[in-house]
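K.L.:
Residue 97 is where the sequence shown starts when you use the working numbering, and the numbers rise one by one after that.
It is worth saying that the hints were derived from the structure and are not from the lab. Just so you know, not all the hints are guaranteed correct.
Okay, the calculated beta carbon distance ranges per label pair [claimed, not checked]:
hint: 1; residue 1: 315; residue 2: 185; range: 30 to 38 Å
hint: 2; residue 1: 454; residue 2: 500; range: 51 to 59 Å
hint: 3; residue 1: 317; residue 2: 130; range: 40 to 48 Å
hint: 4; residue 1: 254; residue 2: 303; range: 50 to 58 Å
hint: 5; residue 1: 185; residue 2: 215; range: 31 to 39 Å
hint: 6; residue 1: 433; residue 2: 292; range: 33 to 41 Å
hint: 7; residue 1: 429; residue 2: 292; range: 37 to 45 Å
hint: 8; residue 1: 435; residue 2: 397; range: 51 to 59 Å
hint: 9; residue 1: 311; residue 2: 181; range: 50 to 58 Å
hint: 10; residue 1: 429; residue 2: 340; range: 16 to 24 Å
Cβ coordinates follow ideal geometry from the N, Cα and C atoms, glycine included.
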Amino acid sequence: PVDLELTKTDDGFVAVAGGDPIPYTITVQNVGIRDADLGEAVTVTDELPAFLSWNTFPANCSADGQVLTCDLDPALLGAGDPAIVIDLLVDVAPDAPSGDYVNRAWVDTADDPVCEGEDCVPPPCERALGNNNVDCETTPLERFASIFITKTDNVADGDFVQPGDTYTYELVTGNSGPSTVLSNLVIDDDLPEQLTFVGTSAVAEWDCNDADPLECSWTGGDTFPGETLPPITVTVLVNDDATGEFIENTAIVTALVDVFPEATQGLAPLSEADFGGVGETVTAQDDEQTPLTASADLAIAKGASVAQVGAGNSFDWELTVTNNGPGVAVNVTVGDIVPSDVTVTGVTSGDFSCSNTGNSVTCTKATMAVGETGDVTVSVSVPADAPDGTVINVGTVESDTPDPDLTNNSDDATVTIVAQAPPTTQPLPPVTLPRTGSDTTGGLVRAAVLLLVLGGGVLLITRRRRDGEQAAV
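Please build the complete structure, drawing on both the sequences and the hints.
P.N.:
Rendered as structure tokens:
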């Protein structure tokens with residue numbers, strides 16, 4: 097009898113969904129003791145499982161869907177002739193599930209049929225039962241894919257943003273292949289502390305939570321190799337207290353490429369242990385650096401409640417701080433080290449939080465908006481024994497926000513101190529005794545003395561007379 101034997105192999109190839117074609121080799125040889133009849137057709141049939149498709153086959157073959165039919169020349173199938181070799185290439189769909197794919201092929205001729213009867217159905221791989229007309233090859237198939245994401249802002253090159261500005265990011269993701277990415281693709285964007293989330297704009301297939309951290313899930317099905325999904329536009333606000341040279345924002349995309357198949361293809365099911373897990377996740381990220389100019393020109397003006405003060409009195413130093421912009425000033429600090437000529441008795445402000453340690457005064461404010469002003473009053477007393485002189489006091493202001501003009505970050509004021517005058521006591525002039533002689537001046541002096549003595553006598557007599565009268569009464 098004629099005994100045709102078919103063998104099929106992939107030479108140990110491991111297929112990847114969407115990857116290189118599977119190289120199959122079919123050999124047919126007459127291992128019987130006589131030649132094949134020249135008048136009888138010899139046909140090879142190859143039946144591919146789902147997700148596989150024909151790429152390349154010889155000219156004597158034709159494909160109809162998953163089934164390939166090849167007509168062999170019986171003259172080449174003499175007993176002991178070399179085997180006929182059929183080389184095939186088979187494509188793997190990018191969405192093919194992982195697992196073992198079983199490919200069956202058989203050879204059929206009238207003298208050596210693959211099966212008997214009108215309802216002949218070629219058997220499965222029954223080489224072990226002695227049917228060498230049929231052979232199967234089991235090819236393992238795996239899934240691999242990489243994804244990408246790009247994040248860009250709408251700030252022009254060379255430009256920058258400032259506190260209070262709004263701008264947008266565009267998030268674009270896609271599949272670099274070779275396998276499909278499953279439908280649970282998710283983008284996460286946790287905004288930096290310099291930004292506040294405003295909103296998103298995207299097609300309906302993107303399901304976004306519209307909050308920070310932002311999470312958007314793709315609901316439009318699997319993503320095929322080379323496919324780029326519609327973009328997501330994210331609007332953000334630069335916080336008033338934003339600082340730094342850049343705003344760096346990172347977006348991350350995560351997707352599932354493979355899951356443990358519910359039903360493997362063909363005849364060789366895989367166990368979860370063989371598969372190595374329940375799924376394969378891929379991820380990618382991209383960041384964008386947006387230039388930030390958070391400058392604020394702080395200016396301070398210092399004055400005093402008086403221009404001149406007497407020792408032992410009090411007065412106030414007055415400080416006024418202004419933010420000239422263009423941005424919000426963050427962590428503003430006013431400093432004033434009052435000279436030791438006077439003593440700080442109190443610090444008040446309706447705009448700053450102030451404290452003092454001795455004559456060292458510090459006032460702080462978390463933020464100052466553009467155009468905002470704030471006042472500080474430092475009350476001092478002048479010692480009672482202070483000498484004449486002048487007191488010069490310098491106030492300063494600074495913040496964590498870069499200041500484009502440092503010339504107006506300090507100012508001074510001067511107060512003149514006037515010392516207390518000493519007590520005024522005038523001594524009596526000394527009495528000068530007259531000289532002896534007959535000059536006119538001496539006569540006048542003697543006359544005055546005589547009148548004084550006589551007056552005292554009269555006063556004495558009068559007083560005694562009054563005393564006697566009172567005694568008689």
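K.L.:
All hints are to be evaluated individually against the structure, with a verdict given for each.
P.N.:
Tested hints:
no. : hint                  : result
1   : 315 / 185: 30 to 38 Å : 36 Å, holds
2   : 454 / 500: 51 to 59 Å : 34 Å, violated
3   : 317 / 130: 40 to 48 Å : 58 Å, violated
4   : 254 / 303: 50 to 58 Å : 36 Å, violated
5   : 185 / 215: 31 to 39 Å : 33 Å, holds
6   : 433 / 292: 33 to 41 Å : 38 Å, holds
7   : 429 / 292: 37 to 45 Å : 25 Å, violated
8   : 435 / 397: 51 to 59 Å : 19 Å, violated
9   : 311 / 181: 50 to 58 Å : 55 Å, holds
10  : 429 / 340: 16 to 24 Å : 19 Å, holds
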